[in-house]
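Participant: Chain by chain, the residues run as shown.
Protein chains: 2
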Amino acid sequence: MNQPLDDAALDQLFREARTYNGYHDKPVTVEQLHAIWDLMKMGPTSANMLPARMVWCHSQEAKQRLADCAGEGNKDKIVKAPAAVVIGMDQNFHEYLPELFPHTDAKSWFDEDPEGRVEGAMRNSSLQGAYFILAARAIGLDTGPMSGFDNTAADNAFFGDQPNVKSNFISTLGYGDPSTIFDRSPRPDFDKFNTII
Amino acid sequence: MNQPLDDAALDQLFREARTYNGYHDKPVTVEQLHAIWDLMKMGPTSANMLPARMVWCHSQEAKQRLADCAGEGNKDKIVKAPAAVVIGMDQNFHEYLPELFPHTDAKSWFDEDPEGRVEGAMRNSSLQGAYFILAARAIGLDTGPMSGFDNTAADNAFFGDQPNVKSNFISTLGYGDPSTIFDRSPRPDFDKFNTII
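Order-wise, the sequence lines are chains R and S.
Residue numbers 1 to 197, in the UniProt record's numbering, belong to the letters of the first sequence in order.
Residue numbers 1 to 197, in the UniProt record's numbering, belong to the letters of the second sequence in order.
Read the hints as simulated data drawn from the structure, not as lab findings.
This one's a predicted model, so the numbers in the text were calculated from it and none came from an experiment.
A virtual CB, placed ideally from N, CA and C, is assigned to each residue, including glycine.
Mixed in with the good hints, there may be bad ones.
Listed next, with one range per pair, are the computed distances between beta-carbon atoms [said to hold, decoys possible]: (1) S/Asn92 / R/Gly148: 19 to 27 angstroms; (2) S/Gln60 / R/Asp113: 28 to 36 angstroms; (3) R/Thr195 / S/Gly148: 20 to 28 angstroms.
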């Protein structure tokens with residue numbers, strides 16, 4: 001049985017971690033992007049469907065392309081960040097299930113269920129988006145996840161050749177600059193949104 | 001700037017962690033449920049909307065009530081687990097935004113946008129579901145997340161008095177018994193579902 005992680009790890013993952021608006025001038029490497037994937041891919045998804053499709057914007061041109069899809073308040077954050085990412089979701093993820101979930105015919109559960117695929121892609125790529133955030137923190141990076149962008153524009157800009165893939169959310173990535181954050185928004189006590197029965 | 005967590009922590013959170021079908025006969029305490037919430041609530045959600053509504057099934061009666069909503073293969077896992085949880089999502093989360101995101105009028109973004117609320121609740125309660133999984137692992141517990149249940153039955157059984165709250169997914173919780181898991185499903189290399197531009 002596992003023991004609780006130490007306080008420093010819990011602080012780094014959850015308690016002291018923040019959503020950053022700006023980053024130190026220190027690059028994010030390709031090796032770090034691979035390290036994030038190698039952790040986040042281990043997180044559970046329903047039937048191991050792994051619907052997330054990650055487009056890492058590492059070049060200035062790619063960050064600019066993403067910024068062009070973002071809301072006014074977010075453009076500058078993206079072009080100035082060391083890296084950014086589009087978390088896409090493949091609504092035809094079921095095509096991969098014979099490979100990803102080989103011990104049963106899970107593809108057949110979804111073949112005739114396009115609505116179930118849309119819902120499964122959304123739920124499970126969001127789980128993977130959270131795994132991305134925590135995996136980045138676990139390797140010492142910080143993130144700035146955002147929903148403030150034009151999904152249709154991002155779909156066209158990044159998944160134009162894959163109409164089955166839609167953008168879910170986006171994030172910046174780097175070593176967070178504490179001078180770019182505000183006070184943390186309130187986090188409610190257990191009793192507000194939890195019930196034990 | 002943070003350093004990467006040590007290998008033992010990365011193993012516990014991602015690499016060695018598994019979805020369990022059964023658990024050791026060791027209780028999950030109310031204090032642990034609070035500890036999970038106190039970590040998971042720190043994870044980011046869009047505009048700090050925190051739409052997840054957690055119903056922790058700690059009593060045998062509550063686990064049975066959840067099992068009655070579950071698919072055949074999942075009922076036994078639920079009644080035998082030390083605890084289970086329903087991760088619900090409040091599609092009227094915007095009512096809380098004046099309190100949770102006090103520095104701007106975020107409630108008005110959603111007042112006339114019921115579709116945006118449904119989507120925001122799904123995306124962000126799924127993020128919180130992933131934070132739940134990783135927070136549980138971080139305090140030394142294991143989980144068994146599942147989508148195999150009747151959402152309408154669960155909505156009626158657990159949120160019958162709150163038509164604005166819908167079930168997202170469910171999970172068991174405890175100290176995982178390694179004899180109850182199978183080989184891990186394949187996890188693809190970076191190049192399969194990632195692009196760097």
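Participant: Against each hint, give a clear statement of whether it holds in the structure.
Facilitator: These are the hints, each one checked on the structure:
1. S/Asn92 / R/Gly148: 19 to 27 angstroms: This hint holds: roughly 21 angstroms between Cβ atoms.
2. S/Gln60 / R/Asp113: 28 to 36 angstroms: holds, 34 angstroms
3. R/Thr195 / S/Gly148: 20 to 28 angstroms: holds, 23 angstroms
Checked against the numbered hints above, the structure violates none of them.
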